[in-house]
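As you go down the protein sequences, you meet chains B and U in turn. Mapped onto my numbering, the consecutive letters of the first sequence carry residue numbers 1 to 115. Mapped onto my numbering, the consecutive letters of the second sequence carry residue numbers 1 to 115.
It cannot be assumed that every hint is accurate.
Which copy is meant is left open, so a pair is good if it fits within one copy or across any two.
Claimed, not checked - Taking lysine to aspartate or glutamate pairs in the DMTMM-like style, the calculated list, with each CA pair at most 25 Å apart, reads:
| id | residue 1 | residue 2 |
| --- | --- | --- |
| 1 | 91 | 106 |
| 2 | 93 | 27 |
| 3 | 93 | 28 |
The hints are simulated quantities; they were obtained by calculation from the structure and are not laboratory data.
Protein chains: 2
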Amino acid sequence: MNDSNSTAMRPSAPYYAVIFTSQRTTDDETGYARMAERMDQLARQQPGFLGVESSRDKDGSGITISYWTDLASIRAWRDNSEHRSAQEKGKQKWYESFHVRICRVEQSHSFPPAG
Amino acid sequence: MNDSNSTAMRPSAPYYAVIFTSQRTTDDETGYARMAERMDQLARQQPGFLGVESSRDKDGSGITISYWTDLASIRAWRDNSEHRSAQEKGKQKWYESFHVRICRVEQSHSFPPAG
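Here chain B stands alone, though its shape is the one from the complex (with noise of 0.2 Å):
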C-alpha cells in the first residue's frame, strides 16, 4: 500500500476523497505500473491534493483513494491531460472495470489520537 503521507495527512474536515475501485485486466503488467507510477508522481503535484493511499490484491482488484482540498482541484485533476491519456488506455487495456466516487469527507478519527 502506497500510504507514505496518510499518516501525516490529517486536515480537517471538510475535504475530499476520491475513491477509485477497479477490476484490472490480465494485459501489459509492464505499462499499467509505469503509468500508475507516472500519475501517483503527476497527482502529488497538483493544487490541492493532500495525499493518496492504494492497494491491489493479487486477484487484480484495486482501491485508490486520493485526498483533496475542494471538488475544483478534483475537477482540474480529471482534466489533465496526462491523466485524460492514461483514462483512456485504462479503458482500452488496464481496466476491466472501474468505479469513480466523489466524497466529502466530514468527520475523521485516528488512533492512535493525533497528539
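Given chain B, work out where chain U should sit, using these hints.
Just chain U now, with coordinates in the frame of chain B:
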C-alpha cells in the same frame, strides 16, 4: 478483495462511505481473521448497509470501505455492542494505527457505464 456485492451496489448519490485505513500489528493472525469475517457478516445484517470493499497488502496496511444509506445507520453500526467489543480489541492488539473517515458520496460513475 472482498467486493462480491460492489458491482451490483450502485445506488444513486448521495449515500455515505466509511473509509477505514489501518496498519496491523503482527499479533494474533487467527483471532484477527475470525473477527474480520464476523464483522463482515454482522455489518451486512445492519439496517442501511449497502456494500463493502476491502484490501490488505502483504505489509499489513489495509483499506476497508463500507457503504451506507445515511449517517444514522453508520452511528448505529458504530454503537453495535459486538462491534464495540471488536473495536476495543482492535486498539489493544490488532492495530498499530488506524484512521476512520465518514464521507458523503456526492457523485459516481462507472466503466463500463451502467446499462
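Which numbered hints are broken by the structure, listed smallest first?
none
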